[in-house]
Amino acid sequence: MYKKEVRGELILGNKTYGDITNDILRSQETKAPLWWWIAFGIFFVLMSIGLGYYVPLTIAKGIGMWGNNNQVVWGWAIINFVWWIGIGHAGTAFSIFLLVFRQKWRTSINRAAEAMTVFAVLAAGLFPAIHVGRPWDEFFIFPYGPNSRGLWVNFNSPLLWDVFAITTYLTTSAIFWYIGMLPDFATVAERSKGLKKKIFRSLSLGWVGKMSSWRKFEDTLVILGGLAMPLVIAVHSIVSTDFSAGVLPGWHETIFPPFFVVGAIFSGFSMVVTLMVVIRLMFKLEDYVTDDHFDAIARIITFVSLIMGSAYLIELFIAWYSGNTFEQYVFDENYLKGHYAAPYWWMLIFNAFLPQLFWFKKVRRNLLLIFLITIGVNIGMWLERYNIVVPPMAEDFLPAGWFKYAPTIVDKWVYLGTIGLFGVGVLLFIRFIPMMAMNELKQQAKRHTELKPSAGEYIAYKKIIEDE
Amino acid sequence: MKKYWRSLEELDAVKNSEALEPTVEFPTDGLSKEEITNKVVSNRRDFLKLLGFSTAYAVAATSCQQPVRKVIPYLQRPEGVTPGVASHYASTLFTTDDYASIVVKVRDGRPIKIEGNKLSKITQGGTNARMQAAVLDLYDTARLQYPVKNGKKTTWKTVDAEITKKLEETAAAGEKIIILASTVISPSTKKLFEDFKTKYPTTEVVYLDPVSYAAIIDANEASFGKAAIPSYHFDKANVIVGFNADFLGTWLSPVQFSADYAKTRDLTTGKTEMSRHYQFETLMSLTGSNADYRTIIKPAQEKKLLIKLYNAIAAATGNATIKELPCEIKLDKVVKELLANKGKSLVVSGTNDKAIQLLVNGINNMLGNYGNTLDIQKETLLKQGRDSQVHQAFTDMKDGKAGAVIFYNTNPVYTCPNGKKKAEIIKKLKLSVAISDKIDETAKNTQYVLPDSNFLESWNDAEPIKGSFSLGQPTINKLWDTRQAQEGFMKWAGIDGSYYEYIKKYWHENILPKKEVANDENTDETNEAIKDFASGWTKALQDGVYEVEVTGDAPAFNPTSITDNIDLITNFKKPEGLSLTVYESVGMGTGLYANNPWLQELPDPITKVTWDNYVAVSPKLAKEKGWKQEDVVKVKTKNYEVELPVLIQPGQESSTVAIKLGYGRTEAGPIAEQTGGANAAGFIYAKEGYRQYTGIPVEVTATGKTYELAQTQTHDVMEGRGSIIARETTLKEWQKDKHSGNEAHVFFKDKLEHVNLYKKGYNEDHYVGHHWGLAIDYNKCTGCSACIIACQVENNIAIVGKEQVKRRRNMHWLRVDRYYSTGEDKLYATPEENPEVFYQPIMCQHCDNAPCENVCPVAATPHTNEGLNSMAYNRCIGTRYCMANCPYKVRRFNWFNFVEGGDYNYLFNDEVKRMVLNPDVVVRQRGVVEKCTMCIQRIQEGKLKAKTEGRELRDGEIEVACEQACPSNAIVFGDTNMDGARIIKLFQDERSYGLLEELKTLPSVVYMTKVRNKDEQTAHHTEA
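Protein chains in written order, with my numbering: chain A, 377 to 844; chain B, 552 to 1575.
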């Protein structure tokens, strides 16, 4: 059970159910503020240019539009893919792990985190789709039938499993997100008129709040959560095998699956924090996203940062200990002092050192610092993917082929385009979907504010129970 | 017709037979009556359905525009042509830069590939990169396609009438007619010139070689009384000493010399000794990079060094010594070894300096090399230009003594210094005719330009070395309204008939032995002779080569040749400041192939730069002057200057800068125009009557600009991986232990071969038939890069252009990695001044446990049961995972549409040039990955041939393109499952190892450890 004495209050301000509904839905029931329009404009432009011009340009002209070359055949596309997938871990990891572990403080954050997941995975999914040479033949990757020529996919290839993992993950995350929103859609429908009412009524699948519905609802969520939990681990493990199944020094490592999953959680949590800081400030939701919330996430980030740091150390040590010249070169020469030392050291600073500031309570409770550090973590995690993708390929076995990699303007715009997509998605989410799980918040509110139901409410509850 | 019945029921049936349903042949369960009877029953609904479907189908099928392609069959099949089957014709390739006896592969009437003629005792079946690429020049649309008079199109008839008239006038006026030609080695053409002279007695034939060998010819005239270049036999030499002679790359006859040289380096035949090669040179040449001991000398030091060597040998052999100039370079070891190998050594110099060549002759004579490694009796005829004559010819033109000049296959405005002045002189001539394939820099200034046919469209013969003949025959009808030069000369000289008949007549009279005919009255003597000649001629034509014995005594050495020229020899002026050397490069030669995109994109064997020339400077000089790679500098002499980017070249002498010839052509065609670079021929100057290519005093100043060079390799050091990747040892070590340098392989061979986590990789049960393999011997590979072009021609590999090479997107399936190494291989250390060089040709290794295969999500690159790693282009979607996971990085991706319909106008988008494509190899679309297939089309062809002939495949029957092109036979292809195959022996050789075999990729390509003939492992700079 939740112990208020230990954890503090989850919702401040002694809110009633009505207060909660009003607070959360204010963002969509009032006119959109100016900053929303500005932000939306910026992200929309980014998305339009990146995905509307540069992606078609790539498909029309060829991958040569990017900076990839014979030596470094994968570039920003794969880096961004892994980065977005990592961020996409936030929602599910956050929501599901904490749900299964009964961490009730998740309630004010999980909805936004899940929304983020969906948009991040969408952004991630774009990259494998456009980074192939012949996108028009992409369907070859599905084991479709009937198959008269005996062509079949190669189940040995991690890339194939990527396709399976990501599509499954995207579907499950979306379903989980959607089902969790049913009661809130009903609430929105209740409070609105006309077309909006109709839309939200149908979105809520005719939710009326029957006790049996509630029970099924909660069971479904737990079951879905339980199913999705291994997926969270699987999806990034499989992404990691894209590299660890390879022979390149710097790729061929058994540590990669857990390392990738932890890294994904790291970047996902950080992105959630970044976003929640913004939402809290912009919508003045300090009562729901309290300093205690940030404190709790910061502790998790600190812990994950320690895992990341140890993983980096282990990589360096194993490279040295293995006695493998090629491996030693990548880690102990190239990363630490070679051509790729700058991104490596920045990665260490952002991922392993900066989050350690969270050991100080003052930092954990300083919104600005939290914001900066989590932004730093996401930069650091991008650099980590850069370090994984580029240097091992750029300087691999035969030194004669070694070559540098530099992204082109197209690479950069496609990346900005996905950031635009993500931003547009999140902004639309804020505007049109209850951005916190009201139904779950209300459970928490009830739990720790010890509301006494009025006589009318009591009778209503009783009636519902008797109906069951 | 009677009707039979067995029962009454049947009778009824028979009666109604017209109405009977047909019996059904196949089971009819579940089919409707209509379906069984195959009757079409349709109603309004069906009609509408069909109408709807067909409309939709028609819309769908026509909405995508498909290019219309026409396949036109032969109306009447020409004799001897089977569509889809290639024919091969022996022929001869001779240009200002190259000579080889060749075999031309003609497919469906189009010559598509040039191979070496194995019957030739000179080139021995080898080719170089330029020869491989020469086939594209046939289809070069920049060629002149009709005769031109004063820049306007005209007809052959007018041209011939006018020229003949003018020539007659000139001869009548007693003015000189000069035929300025590049060296002619065709005996028939020379005869034709004689005939021409008979009609026009004032005619003078002057040979002009773009790079002059006149000093050698003149020196031999002084030494032997015979103005000729001897023929060289590197294969008979135990000690080879080269002075600035790039005999493996560009000097005289590199294909021949590479083949001979490789024989002395071959350790696979059971020999345990190999030749020792000393090279003294200013630039890092291909030859120097293969030398056992390479010493850097200043251009001016060469003579001092040769005098020192001469004196040392003279002293030891009891000859008179000459005055010595101070020289600090030690020669004790060279002298000792030369003396120990008298008659089995060879000293050569490539410098166009009579004094130097006299010394070389003297040294070789004292060592008794004439008649052994050198043959002055059977001279090389490949270069016959005499600088004095060329100079005289231009003086005559200037002074107006020459009334008519015919420029035949020569381009002095481009290849000689003072081009602009020469152009002015040419413009003022009374009659100037250029016989050229293009309106080149010289032809632009002449009155008449007569397009010469390509050698693949012409008849010709050749005598590269005295007594060795080679025939050239056309392999395609003329593409345009061109005419081979000889026919023109015949017309003007009033000789009837075709040049083919002329050659035949000449051969009948002079070359083919005339058989004694029995004195029988009933036999028609003439006919018998012709019949006999015909069979001899046919055989010579089929073989392509023909040898006759050269008789007579060898000319004797003139003992006073040194003392007669002692002033010339000991005359020495100390040079000051920076000097420039201009040199021929392996790819571009003297600029003849400037419009050939294959050669433009061929990485220079040493510098790996494509599409450009540059100023090569030593690391020391660059450091002193503060120049960085790609800084543009201005190189200036009194009357010529160029601006070119700097390239830092380890192993170059530090007071010398160097520029490649052959670039900066303005009139060679659109591709040459796109190329960067500048013409370095303007720096050539005359000294003592000889064109000088080295020691040119120059000023070099930085311009502050930079220019990006397109290099295919930018990392030159091994990062301490030498013992893993590029294995080498010394001869002494190898003699002690055959595994020396290759110790790691022993470990992997014994310990790892059968350790399998999964039952994968080489499995004898799996490869029951063939298992193809390739063995590459570093000892024979000189890095000449012929294989790169051969592979490109054979496999229709795209040309990507300078910009894409800069972005490292070149498509070559086969690359030659070049590493520099010094004694100690330090990380990030810049290679020191005189590094050792290591060449490593790399193509797909066809791993039996290939990392690329198991990562492809769509299984587009599976393994065949013959051990090949294959590519299904149609299946490939281009994830590039295979490329990422290839430890050798041999896979290539079509980053753009480099082929037809794309923006890359080098070869694939040109209707005419496309004819050179190999129809057996599919052209790859944008977005797919490609790589070496081990010439699977040749394997297939060979297998089919053996099958139709009902026999087993023979070892060596199938040759892959790189193997076939290699002049030094460094590459051997074969079936590792075939008993007694050469390749099995090579695979089992102690020197063999698989590249990165510790990854357990089980490559089907093995490399054979390089053995340097050194006393110690490390490089020494001054000791030699």
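Hints in this document: simulated from the structure, not taken from any laboratory. Heads up, some of the hints might be wrong.
Listed next, the in silico DSS-like pairs over lysine-lysine satisfying Cα-Cα at most 27 Å (straight line) [as the list claims (entries may be wrong)]:
| no. | chain 1 | residue 1 | chain 2 | residue 2 |
| --- | --- | --- | --- | --- |
| 1 | B | Lys1536 | B | Lys703 |
| 2 | B | Lys672 | B | Lys716 |
| 3 | A | Lys780 | B | Lys814 |
| 4 | A | Lys713 | B | Lys750 |
| 5 | B | Lys814 | B | Lys887 |
| 6 | A | Lys780 | B | Lys672 |
| 7 | A | Lys437 | B | Lys1256 |
| 8 | B | Lys814 | A | Lys437 |
| 9 | B | Lys1496 | B | Lys1551 |
| 10 | B | Lys1357 | A | Lys437 |
| 11 | B | Lys1289 | B | Lys1185 |
| 12 | B | Lys1289 | B | Lys1536 |
| 13 | A | Lys713 | B | Lys1174 |
| 14 | B | Lys1171 | A | Lys713 |
| 15 | A | Lys780 | B | Lys1174 |
| 16 | B | Lys1289 | B | Lys949 |
| 17 | B | Lys887 | A | Lys788 |
| 18 | A | Lys780 | B | Lys1171 |
Which residues of chain A face chain B? A partial, calculated answer using Cβ under 7 Å [said to hold, decoys possible]:
| no. | residue |
| --- | --- |
| 19 | Ile435 |
| 20 | Gly438 |
| 21 | Glu514 |
| 22 | Phe516 |
| 23 | Phe518 |
| 24 | Phe531 |
| 25 | Ser533 |
| 26 | Ala541 |
| 27 | Thr544 |
| 28 | Ile555 |
| 29 | Pro775 |
| 30 | Ala776 |
Glycine included, each C-beta is placed from N, C-alpha and C at the ideal position.
Verification of the hints:
no.: 1; hint: Lys1536(B) / Lys703(B); result: 63 Å, violated
no.: 2; hint: Lys672(B) / Lys716(B); result: 45 Å, violated
no.: 3; hint: Lys780(A) / Lys814(B); result: 40 Å, violated
no.: 4; hint: Lys713(A) / Lys750(B); result: 79 Å, violated
no.: 5; hint: Lys814(B) / Lys887(B); result: 23 Å, holds
no.: 6; hint: Lys780(A) / Lys672(B); result: 47 Å, violated
no.: 7; hint: Lys437(A) / Lys1256(B); result: 32 Å, violated
no.: 8; hint: Lys814(B) / Lys437(A); result: 49 Å, violated
no.: 9; hint: Lys1496(B) / Lys1551(B); result: 35 Å, violated
no.: 10; hint: Lys1357(B) / Lys437(A); result: 19 Å, holds
no.: 11; hint: Lys1289(B) / Lys1185(B); result: 51 Å, violated
no.: 12; hint: Lys1289(B) / Lys1536(B); result: 14 Å, holds
no.: 13; hint: Lys713(A) / Lys1174(B); result: 24 Å, holds
no.: 14; hint: Lys1171(B) / Lys713(A); result: 26 Å, holds
no.: 15; hint: Lys780(A) / Lys1174(B); result: 24 Å, holds
no.: 16; hint: Lys1289(B) / Lys949(B); result: 66 Å, violated
no.: 17; hint: Lys887(B) / Lys788(A); result: 65 Å, violated
no.: 18; hint: Lys780(A) / Lys1171(B); result: 26 Å, holds
no.: 19; hint: Ile435; result: 10 Å, violated
no.: 20; hint: Gly438; result: 4 Å, holds
no.: 21; hint: Glu514; result: 6 Å, holds
no.: 22; hint: Phe516; result: 4 Å, holds
no.: 23; hint: Phe518; result: 10 Å, violated
no.: 24; hint: Phe531; result: 9 Å, violated
no.: 25; hint: Ser533; result: 4 Å, holds
no.: 26; hint: Ala541; result: 13 Å, violated
no.: 27; hint: Thr544; result: 16 Å, violated
no.: 28; hint: Ile555; result: 32 Å, violated
no.: 29; hint: Pro775; result: 5 Å, holds
no.: 30; hint: Ala776; result: 3 Å, holds
In terms of the numbered hints stated before, the structure departs from hints 1, 2, 3, 4, 6, 7, 8, 9, 11, 16, 17, 19, 23, 24, 26, 27, 28, listed from lowest to highest.
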